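K.L.:
Take a look at the letters that make up each chain.
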Amino acid sequence: MQPIGLLIELKDGHVKETNFGVATAARAENRQLVALVVDAPADDAKAALEAYGVTRIVNIRTGSDGWNPAVHAAAVVAAMQENEITTLIGLTSPTGRELLPRVAARLDAPLIMDCIDIDLDAHRVKTSQYSGKTIATISMTGSHFIYGMRANVVAPLKAPAVAEVIDFAFAADLRGGFEVMETRTDGGGSQYLAESDIIISGGRGLKNAENFKLLFDCARLLNAAVGASRVAVDNGWVPYAMQVGQTGVKVNPKVYLAVGISGSIQHFAGMKTAKTIIAINTDANAAIMANCDYYAVGDLFDILPALEAALGSVKR
Amino acid sequence: MNIYVCVKHVPDSAASITVEGKTGINEKITFLLNPYDEHAVTEAAKIKASSADTEVVAVCLGKAAAENTLRSAMAMGADRSILIETDQYHDSIFTARALAAAIRSDGRPWMVFTGKESIDSEGMQTQFRLAQHLGLPVATNVIKIDADSGGVTVECEREAGTIDVFRMSAPCVIGAGKGLNSPNYPTFPDIVKSRKKPVKRINLTELAIDPPAAGMQILELVPAVEQHTPKALTGSASDIAAQIVDILKNEAKVI
Ligand SMILES: Cc1cc2nc3c(=O)[nH]c(=O)nc-3n(C[C@H](O)[C@H](O)[C@H](O)COP(=O)(O)OP(=O)(O)OC[C@H]3O[C@@H](n4cnc5c(N)ncnc54)[C@H](O)[C@@H]3O)c2cc1C
Ligand SMILES: Nc1ncnc2c1ncn2[C@@H]1O[C@H](COP(=O)(O)O)[C@@H](O)[C@H]1O
Chain R
103 MQPIGLLIEL KDGHVKETNF GVATAARAEN RQLVALVVDA PADDAKAALE AYGVTRIVNI
163 RTGSDGWNPA VHAAAVVAAM QENEITTLIG LTSPTGRELL PRVAARLDAP LIMDCIDIDL
223 DAHRVKTSQY SGKTIATISM TGSHFIYGMR ANVVAPLKAP AVAEVIDFAF AADLRGGFEV
283 METRTDGGGS QYLAESDIII SGGRGLKNAE NFKLLFDCAR LLNAAVGASR VAVDNGWVPY
343 AMQVGQTGVK VNPKVYLAVG ISGSIQHFAG MKTAKTIIAI NTDANAAIMA NCDYYAVGDL
403 FDILPALEAA LGSVKR
Chain U
19 MNIYVCVKHV PDSAASITVE GKTGINEKIT FLLNPYDEHA VTEAAKIKAS SADTEVVAVC
79 LGKAAAENTL RSAMAMGADR SILIETDQYH DSIFTARALA AAIRSDGRPW MVFTGKESID
139 SEGMQTQFRL AQHLGLPVAT NVIKIDADSG GVTVECEREA GTIDVFRMSA PCVIGAGKGL
199 NSPNYPTFPD IVKSRKKPVK RINLTELAID PPAAGMQILE LVPAVEQHTP KALTGSASDI
259 AAQIVDILKN EAKVI
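Line order of the protein sequences matches chains R and U.
Going by this note's numbering, 364 is the number at position 262 of the first sequence; the sequence numbering is gapless.
Going by this note's numbering, 141 is the number at position 123 of the second sequence; the sequence numbering is gapless.
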């Protein structure tokens, strides 16, 4: 059995949903799924990981005080060596973007981020390049292989198993000139865009910051995340973390609602893989209208309140 | 001491990309300085302005045409540049080795800047590999920098509303994020001045880099197909709202 390392992310003591798709993609007869959990409550994660076929959980303790990407990456490398893991899969999430390249750099191993398809036996993946305008098939060579998957590309499928939990204490070498001073959470922990099933985004058509409330109101009823075009961000209506596109977050939701967004090539680069795209725009000739699944030619200031009302009555 | 800024020559984000051969693209399109690297150059120039005896050096591994990108970097504030010339595509395992070797042979870095990612290969990793080869600490998606004699404090945007504050010893590697600054778009006099700034050309073979044991090879490149067939939602605002709810419920099954 070939051990496959899964870099597990927890939030508020729960395994993030997106990890289950990764476990599903990695599973095969001849493989053992080994979950690597760093400085997080591994016992809380056990039942959830077992449900998706994980048979070993490595409970990594670094003794560092909270999040430290340099220490966490070193600990993951040590745990991989201890467990003879040469293949590691994680997500192209904020945590994955910090840890996976650090692990790859330490091991001098190939790494492909944002994979939309993986073949772990052939060490071959598909990923987008040139801002989503092309799909590249890339083959990796080396002694270790690191993969960062795009969230939600594989639907999670359960495969119950029983897992052992192994403690792994990592003695952090805190030299190396990298220290965490603090982690600040402003903004109040909104849902991370790339992990959302439903995203409702606004652009220049929203006209100002206050009007984004119309989107937030609908989003609350839908349990959706709110995104934005660069124009909305550059005008200071919403923070940069909400920008979808080539120079923002790349998202892959089940439904993407583009409201008052023209559908520039750079915006598309970040959301074109959405399964269903719905556009609301006053201009029937906006680029987005020709590149979506459903479009409504109309004023967002009429349609959004109506949508909120309709969603409200579904809820009830 | 020097501030090195790694800049990549990439297709304009608005250009349409046509695949040529099995893994190449038609390069008769506009190429520009990678957008995140613009923030890196701008920040390096800003730091130089308030520090004595600091030179900003732009470094690029690329084809001869990448000189244009180095000229842009110099118009935006770099003092000189280094072009490591190659005809081939190189993965980031190799690229980081070449950039590290060129920096090492040029001088002593105080800071090494990169962008947080390149918009063509979307690798998100060169800065970390470069740091590993130079033996330096690294932070990415940096949106604020405070450098003093003891080291460098950076703020990094990890996710919506989450900022990590790291303290690194200098020298260190910094991957610039979009929130770092507004790029210094050059004026005409800046562009004229940049034409006189020196570009040191190194042939890749001169760096005598040992072939790495690991690699990433593009086997095939294909255009991404969009399979969307637009259908109109019509009627009054509430008719449209009802249809959207129906799609969410019965087709996408998300509510
Ligand atoms: C290097 C580079 C990187 C970039 N990266 C990004 C990126 O990551 N993300 C991004 O989004 N952009 C990016 N851009 C910018 C991009 O080119 C566009 O400028 C931007 O996406 C346009 O935003 P928008 O659709 O909100 O505005 P516009 O293009 O102005 O469109 C506004 C739309 O709203 C509609 N509208 C107006 N009023 C109403 C109403 N009342 N009801 C309904 N519809 C209405 C209009 O008809 C119009 O179609 C980038 C550009 C460059 C050069
Ligand atoms: N060929 C190159 N020449 C100079 N810098 C590069 C090159 N490739 C990557 N970089 C730097 O590394 C950063 C990250 O690139 P990537 O790992 O491809 O996403 C870029 O923003 C550049 O600053």
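Misleading hints may appear alongside valid ones.
[Claimed, not checked] List of simulated lysine-lysine pairs, DSSO-like, C-alpha gap at most 27 Å: (1) R:Lys377 x U:Lys271; (2) U:Lys271 x R:Lys356; (3) R:Lys377 x R:Lys113; (4) U:Lys271 x R:Lys118; (5) R:Lys315 x R:Lys356; (6) R:Lys148 x R:Lys260; (7) U:Lys214 x U:Lys66; (8) R:Lys377 x U:Lys267; (9) U:Lys271 x R:Lys260; (10) U:Lys249 x R:Lys377; (11) U:Lys81 x U:Lys267; (12) U:Lys215 x U:Lys66; (13) R:Lys356 x R:Lys377; (14) R:Lys228 x R:Lys148; (15) R:Lys309 x R:Lys118; (16) U:Lys46 x R:Lys118; (17) U:Lys267 x R:Lys315; (18) R:Lys228 x U:Lys46; (19) U:Lys267 x R:Lys260; (20) R:Lys228 x U:Lys66; (21) U:Lys249 x R:Lys356; (22) R:Lys148 x R:Lys315; (23) U:Lys64 x U:Lys271; (24) U:Lys66 x U:Lys211; (25) R:Lys228 x U:Lys40; (26) U:Lys267 x R:Lys356; (27) U:Lys214 x R:Lys315; (28) R:Lys113 x U:Lys81.
None of these hints come from the bench; they were simulated from the model.
Values in this document were obtained by computation on a predicted structure and should not be read as measured data.
K.L.:
When the structure is checked against the list of hints, which entries are broken? Sort them ascending.
P.N.:
As far as the earlier hints go, 11, 14, 15, 16, 20, 22, 23, 27, 28 are violated by this structure, in ascending order.
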